[in-house]
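First to last, the sequence lines map onto chains G and B.
At position 49 of the first sequence the residue is numbered 49 (our numbering), and the sequence of numbers has no breaks.
At position 105 of the second sequence the residue is numbered 105 (our numbering), and the sequence of numbers has no breaks.
Please keep in mind that the hints were generated in silico from the structure rather than gathered at the bench.
Predicted model only: the values in this text are computed from it and were never measured.
Be aware that a few hints might be false.
Part of the chain G face toward chain B, derived, beta carbon under 7 angstroms [what the hints assert, rightly or not]: (1) Leu85; (2) Leu93; (3) Glu97.
C-beta: ideal position from N, C-alpha, C; glycine also.
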Amino acid sequence: MNEPTIVSFLCNWCSYEGADKAGGARLNYPANIRIIRVMCSGRVDPELVIQALKEGASGVLILGCHPGDCHYKKGNYKALRRTHLLKKTLKQLGVEEERVRLDWVAAGEGERFAEVANEMAETIKNLGPLELS
Amino acid sequence: MAKPKVAFYWCASCGGCEEAVVDLNEDILKVVEAVDIVFWPVALDFKKKDVEAMGDGEIAVSFINGAIRTEEQEEMVKLLRKKSGLIVAFGSCSHLGGIPGLANFWNRDAIFERVYKEIPSNANPENVFPKTKAKVGEKELTLPEFWDTVHTLDQVIDVDYYLPGCAPPPDLIMQGITAILEGKLPEKGTVLAPDKSLCDTCPRGENKPEKLSIKEIKRPYEIIPDPEKCFLEEGIICLGPVTRSGCGERCINANMPCRGCFGPTKEVIDQGAKGLSAIASILGVEDEEKMTEKDMQKLTDQIVDPAGLFYMYSLASSLLKRKRMA
């Protein structure tokens with residue numbers, strides 16, 4: 001319970017389904033991954049990511065459909081470019097870029113979801129809690 | 001009836017906001033006719049003790065420009081808060097932190113090290129650094145503390161209204177002053193400028209293409225922009241989409257892109273994050289489905305200093321407020 005919180009934005013069409021699949025298959029993933037369902041990874045405004053970090057999250061995970069598979073055609077491309085730029089910005093502000101991760105999980109990829117979630121939890125555990133002044 | 005009393009004060013700023021008051025030209029005579037200026041260190045010889053001698057709330061309104069970064073500035077604005085009915089944060093620095101707020105990429109030690117030691121034109125062989133107390137002969141001299149973090153005015157005292165801009169334009173200043181004098185004030189906390197984005201009022205808006213897509217980013221010194229075209233269309237980053245209008249499009253008319261001095265519109269919490277989001281979404285939109293992740297990274301990597309660019313005026317007021325120091 002005391003593990004640092006990882007706010008995870010999952011797209012409704014692929015990644016949330018993927019997480020559901022992981023649950024159905026009784027795959028383990030860490031309890032500090034807190035899932036928020038959004039309609040598209042392209043809906044995850046960088047402001048939301050920074051707000052999550054500001055309000056106590058130590059990491060933010062954004063999961064969307066694989067490139068080419070976006071339900072809205074191009075939302076995940078925008079998420080990709082925003083995340084590149086956001087990570088660079090956060091680094092300049094002294095926040096390790098690994099604290100934000102964007103990845104792709106399809107609706108059938110329950111195992112992949114569990115894998116990414118576990119990896120992210122491990123990364124954040126190694127970085128330690130994010131302390132902001 | 002006695003005329004309402006007005007004060008002007010400056011903190012961490014360049015002096016441009018004081019110029020903006022003078023730029024009212026003949027209109028300043030109307031202001032002086034309607035009010036008594038009781039404190040304005042840059043122009044009139046009143047002292048701190050004169051303010052201390054006033055009753056609480058005796059000053060109708062104090063216009064404070066500049067960010068807050070020293071103990072002295074904190075003391076002065078707290079004094080003015082006590083003595084004033086209304087406090088107006090005047091200009092980008094007191095509203096958002098402004099350019100002085102960029103110091104939040106460092107802290108006091110790093111700034112002193114740079115300014116008093118590293119700068120090549122410095123001669124400081126004895127490593128003299130500012131101290132809050134120093135003994136000179138029999139006497140002890142004191143200086144106010146210099147903080148690690150630059151603050152906006154509303155992070156230090158309660159602020160009633162904001163006059164945005166670097167510096168605020170004369171028409172908004174006059175409108176603000178008139179509204180105060182006539183008692184026709186909007187809700188507390190309002191930014192006294194239109195709640196529209198700059199693109200909404202941009203003179204180049206008509207020529208803006210239906211769909212914007214930037215393939216290659218150009219920095220303003222690299223090309224002479226076409227004065228009719230939208231900057232974004234030419235690949236020059238302009239923060240018009242995430243900046244409040246009301247400035248009179250001064251930069252645009254001088255053929256320079258917007259850098260965000262008016263701050264965001266009402267609903268936005270973090271202007272830098274919104275700017276980043278807006279620009280990232282139009283980078284290479286045209287062929288995005290043909291691009292590899294590497295191609296996209298190359299596009300975004302063209303922005304060399306995103307934090308400095310997107311938070312140019314608003315770092316101190318942003319969600320993170322400053323760089324996290326190791």
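### Task
Identify every previously stated hint that the structure contradicts and give their numbers, smallest first.
3
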